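One line per chain: the protein sequences are A and B, in this order. All residue numbers for the first sequence refer to the working numbering, where the first residue is 1 and numbers rise by one. All residue numbers for the second sequence refer to the working numbering, where the first residue is 467 and numbers rise by one.
Be aware that a few hints might be false.
Listed next, the stretches of chain B that the computed footprint assigns to chain A, with coverage defined by at least 3 CB atoms under 8 Å from CB atoms of chain A [to be verified]:
#: 1; stretch: 708 to 718
#: 2; stretch: 1085 to 1098
Under the rule of at most 25 Å between Cα atoms (straight-line distance), these lysine-lysine pairs were calculated in the PhoX-like manner [unchecked claim]:
#: 3; chain 1: A; residue 1: LYS462; chain 2: A; residue 2: LYS441
#: 4; chain 1: B; residue 1: LYS553; chain 2: B; residue 2: LYS504
#: 5; chain 1: B; residue 1: LYS926; chain 2: A; residue 2: LYS85
#: 6; chain 1: A; residue 1: LYS402; chain 2: B; residue 2: LYS570
#: 7; chain 1: A; residue 1: LYS462; chain 2: B; residue 2: LYS926
#: 8; chain 1: A; residue 1: LYS85; chain 2: B; residue 2: LYS1156
#: 9; chain 1: A; residue 1: LYS462; chain 2: B; residue 2: LYS525
#: 10; chain 1: A; residue 1: LYS68; chain 2: B; residue 2: LYS570
#: 11; chain 1: B; residue 1: LYS504; chain 2: B; residue 2: LYS570
#: 12; chain 1: B; residue 1: LYS926; chain 2: B; residue 2: LYS899
#: 13; chain 1: A; residue 1: LYS382; chain 2: B; residue 2: LYS1156
#: 14; chain 1: A; residue 1: LYS441; chain 2: B; residue 2: LYS553
Chain A is nowhere near these chain B residues, computed Cβ spacing over 12 Å in every case [stated by the list, open to error]:
#: 15; residue: THR503
#: 16; residue: ASN532
#: 17; residue: LYS570
#: 18; residue: ASP801
#: 19; residue: LEU1276
Keep in mind the hints are simulated off the structure, nothing from the lab. These numbers were taken from a predicted model, which means no experiment stands behind them. Beta carbons are placed, not taken as given, at the ideal position from N, Cα and C, and that holds for glycine.
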Amino acid sequence: MLQKPFLDRRQMLQNLACGFGSLALADIAHAMNQTTSPQLPLMAASAKRVIFLFMAGGPSQHDLFDPKEYIRKKHGQPIGSPLRKEVTQVGTEKFLALGNAVPVKPRGNSGLMISDLMPHLCGVADEICLLRGMTVDNPQHASATNQFHTGMFTEVRPSMGSWISYGLGTENQNLPSFVSIHAPGLRTYGSGFLPASHQGTPLTVPLNDKILPVENLRNASENEITQRQRIDLTKRLNRRLLDDLHGDANMEGMIQNMELAFRMQINTPKLVDLSNETKSTLDLYGIGGKDSDKHGRACLLARKLSESGVRFVQVTMDGWDHHGDIKGSLPKLCQQTDQPVAGLLKDLKQRGLLEDTLVLWSGEFGRTPWSQDLSGTAPIDKHGREHQPESFCTWMAGGGVKPGFTHGETDEMGYRVVNGKVHIHDLHATILHLLGLDHTKLTWRHIGRDYRLTDVHGEVVKEILA
Amino acid sequence: MIKLTPVILVCSMFLASKSHGADLPTPTKEQVVFFETKIRPVLVEQCHKCHSSEAKSIKGGLRVDNRSMLMKGGDSGPAIVPGDPAKSILAKALKHDGLEMPPKGKLPDSVIRDFETWIRMGAPDPRKLVELPIARSIDIEAGRRHWAFQPILDPKPPLVKDASWPLDHVDRFLLAKLENAGLKPLKDADRHTWLRRVSFDLTGLPPTPLQIKAFMDDNSPNAWENAVDRLLGSHAYGERWARHWLDLTGYADMMGTSNNVYAEHAWRYRDYLIAAFNKDKPFDRFIREQIAGDLLPANKPGERAENLTATGFLMVGDVEIVEPDKAKLEADYLDTQVSKIGTAFLGMTLGCARCHDHKFDPIGLQDYYGIAGMLRSSPSTHKTAFGVWSSLNTTDLPETPEQLKARQGLESKTNENINKWKTEKSSLEMQRKAVTEEIARSDKAAPADKKTDAPSSTNKEALVKKRDELNERIRKIDGTINHAEFFRSKAPKAYAMRDGDRVADMPVYIRGNPYAPGIVMPRGAIRVVSRDKFPTIPEGQSGRLQLADWLADKGNPLTARVLVNRIWQKLFGEGIVRSVDYFGTRGETPSHPELLDHLASRFINHGWSQKRLLRDLVLSHAYRMGSSNDQESMMVDPENKLIWRMNRQRLDAEALRDGLLQISGELVQGQGGPALVLEEPENCGSLALKGINPPNYTHRKPRPTEEFQRTIYLPVMRTNFGTHDRIRAFFDFVNPAQISGQRNQTVVPTQSLFVMNNDLFRKRATLIANRVLSESPDTKARLSHLWLAVFNRPITNPEYEEAEEFLGRLNSSLNAKAPKDLETMLWRELCHSLLASNEFIFRF
């Protein structure tokens, strides 16, 4: 086990570095920057931070970025199954082609293909680097989500945000290095065997007074003075105990953390408060809009956190799991997310942050070109699509990737990758590369083995580097 | 289901390659041209990077840069069967049939056709035949030299200078090393500290004020023994130590991580463990039951039920039952099971050998697939009638006549209820019919255009309201009937192993891929830790029984060592081997190898009794040492590797929660039974016998007692933690997808927020305050009471003054309506302050 009850100074410092406090820990942070990160050879970094927009559920690449002429022509007709016979699917028995629900057209100077459903994103098409040959190894939400975040779908491993936090340390000692807004599950922000200070801090955007941005943030006492006195007594008891024991790093850490926690109570609500933002900023993100308010707030918060030095910010936007009536449901999701996402890109650009901020947009997998109808009786226009890990679309922007560039291609039906395949391990390797980290050297020794985010796989996708 | 054909196929290819191999005819000129223009460039461009001398590491053991290596093939066997493209792995891989080569994307069809043509020609290859060194392999004999694979010895306790210190042989082993280093054991902890320590360690609960008094008043030399025997004899002991074991199983009340599909029988394994620890089931027997309980003879239905339930060990892990590729589902779950056996019993990372021989330890594919073959012969899952879903296999448990009678009683009660509800439903339906008719009549009497007719419209509104109410009641009653019929009492079941119809050795899955079977491996155990050949497995049996015997054999050098080290770690904070789950060559070496062997052989000699070992250890002098730091010893051994003091430990999530509930007086005695509240219809979704998705569970309505039950009885969800269980999300509970014998002890600010503000602490502070106020007469007595309850020791004078001062100062900041409220508020803050302090959160 890594977290020994008897911590050395380095570990203790690591443990202190996690939370929305604003304690003057400058000296500790200074010491920490020298010690938390592994000794890695310096590589040129084109990105300093990452914002990962996770589209949970698996958005349909066919309707958003990669329509197929063949499928459009065959709409409603059987196209034959490319699946291995051992693989079961339900509601897809007829393998009917399902043409794209709305037009997907070339946009901007680059001619990058984007759906009519994303008018705002079309406006920033020339910033985007589209990967059409993404692939993961599992067709199930939970497994594929784990793999997208940690590289593995069975074993519990550190998430990519944790690896990056470990690799680069923190830019701002008063903020955690990894924040996950509306996190889709423990393992997506867990630090696995890496020190706990690298685990993501889950954050909820408070849409009303009842929602706490961070759990247990509300003072349990009558008022702040009472709570402060209570904490002070605990602190005196703790100090005396520590003297009696002649020191204990873990307990020292607990004492410091109580102060940090107290400050988190005060500072976090300020941090997530968007009431002082200008109207033009709010409008840019679609904040106040009927559908786009929630994700707009999350994206603006992501920008603020990123700007303040949080290395890895994740925003999860769910609801993309369209097994039925994709024509009716997909527009709603796009209305909820299009303006917030495009607003974020525009805002980063105008602030000069896009250059060294890598934005990643992806689901855990994509969807099939053939239709799915779980009812067995719906007309083709009410069908949806099944999960497809074999190929799907992911895009990146900023942070050293080629703008307005499309990489990778699938076969005529949009099932198998025929060139420019990017496995999730390759994507992880590329993200680390852009951050100046060699994915084969960023390791942690655990039960006898040097573990990596990319396990024993992964190659940097050189074609997309700017 | 995987068919057996690939295995046979590979075997026949082996024969084929032997007959062809090196004796291929010299290629003709045309054939050379074909090879040089169509084949070699592709091999060089597409394959050499991973499959030639240019490769950084040879992937899959295959090289294509010379003829003999290509013919010999890699891990999956020969790459080419000359003349037969359909049987050639190379051609199949190019077509992405089974393997997918090149991995970056399929080559053009024309190229694939060229390769098929070439193979059909007999794969003429002008490149020189060169014998290359054999690929990496493991050296079992050399591997045996590693300390952990050596036989367990029974070393003599060493002589020590200070002969008065040791109370047990254990102490001699420790003291001898300390004396050697010029160190002394730290002076004993006081009796209060020792009692709190041993109570938390053995039962996960603090001592009560009465228990403290009994121990303090016991002046006999047996006082310690008396306390320990009381603790080991308590029900709480099993509840504590079963939870340690659950950390090694991946236990949850959910099957996989998707859709919250409930594992409704998992609790039986948890209850089996609690009972097994409480009756001190010998560990060798405990192993046999968990690996092969279904294959053991049993005399009574109860014994049979116990044996079957025990095999839940292999069943309860994280299984992705929604995986639509059933061959992959099986292969992944086999891996979970093999890894679990390796980690829990052997302290070895067997999972590494799924794809290749272990990189550091002398464990090969043969070892992995030897065990995997047994488990594959006893399938754990089956496809259900729900969409793509599978489920864990169950076995009906035999019932005693009393159990059967009790169940029949329940069943007739259910039938009675259902009949009652059905009657109620038809009466409601009659009422609805009447109301609906009345509405229709009123519609007729007062056509829509006559809106001015006020009384009639009010009447109609009331009728419609009544109809809607009736609809709602009927809907609810339908739900209740459906739920009762779905969960109609059935024969008790457990998730249990049983040998299947297809008992056989299994092939290596190349890179873990079930569609790329390699050579077949005989079923067997880990060779490097076996002295004898693995026994013959009787025809038609999986071999789990033989594996269980092999694991539980006293000659197995790992089993006893790994277990006694786990027990040591729980008591002393760190293992003698600090990497408790890994005894391999890259793990930690034992700080006290002789002590480890002494404990292991003593454990075996005492009939594999865990209680006996625990008793001996907690009664040792070493376990009595204080836990503070000593300047001199710190200089020599800052990490306490020589164990000159007791290690302090932060309480884990369970001990914190259970401890709080015990102190507040709320803890209820655990009875076991289902953790999930399936009897509440609102917790159960999609109750149908078939459909797209299986029934699921949401923990909306807990049982009233849940808030006060020990944590081990609360549902373990794979995706989140329930309301009364949030503490596990913050204090290092082992993720149920993980197998880990030692919890982390992280220190992060969100824990401080939890301690400062969460209701678990706040409510207990209130209750303890009320208790202290009502049970003790004055401030002085109340403070003593509080300190004894929370810190399990008397209050000191400075603390007394400090507390009084605190109460006095706090007075002014509080807004109380009445003096009595104020008193409660003051004491609640004081209690909360104590509960949040390190002295409560740690054990010393």
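Status of the hints after comparison with the structure:
1. 708 to 718: Violated - the stretch 708 to 718 of chain B has 0 residues with a Cβ nearer than 8 Å to chain A, which falls short of three.
2. 1085 to 1098: With 5 residues in contact (Cβ-Cβ under 8 Å with chain A), the coverage given for the stretch 1085 to 1098 of chain B holds.
3. A:LYS462 to A:LYS441: Holds, at roughly 18 Å.
4. B:LYS553 to B:LYS504: holds, 21 Å
5. B:LYS926 to A:LYS85: With Cα atoms ~60 Å apart, LYS926 (chain B) and LYS85 (chain A) exceed 25 Å; violated.
6. A:LYS402 to B:LYS570: The given pair, whose Cα atoms are some 21 Å apart, holds under the 25 Å limit.
7. A:LYS462 to B:LYS926: Violated, because 74 Å separates the two Cα atoms, which is more than 25 Å.
8. A:LYS85 to B:LYS1156: holds, 22 Å
9. A:LYS462 to B:LYS525: Judged against 25 Å, a Cα distance of about 22 Å means the pair holds.
10. A:LYS68 to B:LYS570: holds, 21 Å
11. B:LYS504 to B:LYS570: Cα-Cα ~20 Å, so holds.
12. B:LYS926 to B:LYS899: The given pair, whose Cα atoms are some 15 Å apart, holds under the 25 Å limit.
13. A:LYS382 to B:LYS1156: holds, 23 Å
14. A:LYS441 to B:LYS553: The hint is violated at about 40 Å.
15. THR503: Label holds. Min Cβ-Cβ 23 Å, cutoff 12 Å.
16. ASN532: holds, 25 Å
17. LYS570: LYS570 (chain B) is in fact no farther than 12 Å from some Cβ atom of chain A, at 5 Å.
18. ASP801: The assertion about ASP801 (chain B) is violated, with a minimum of 7 Å to chain A.
19. LEU1276: violated, 5 Å
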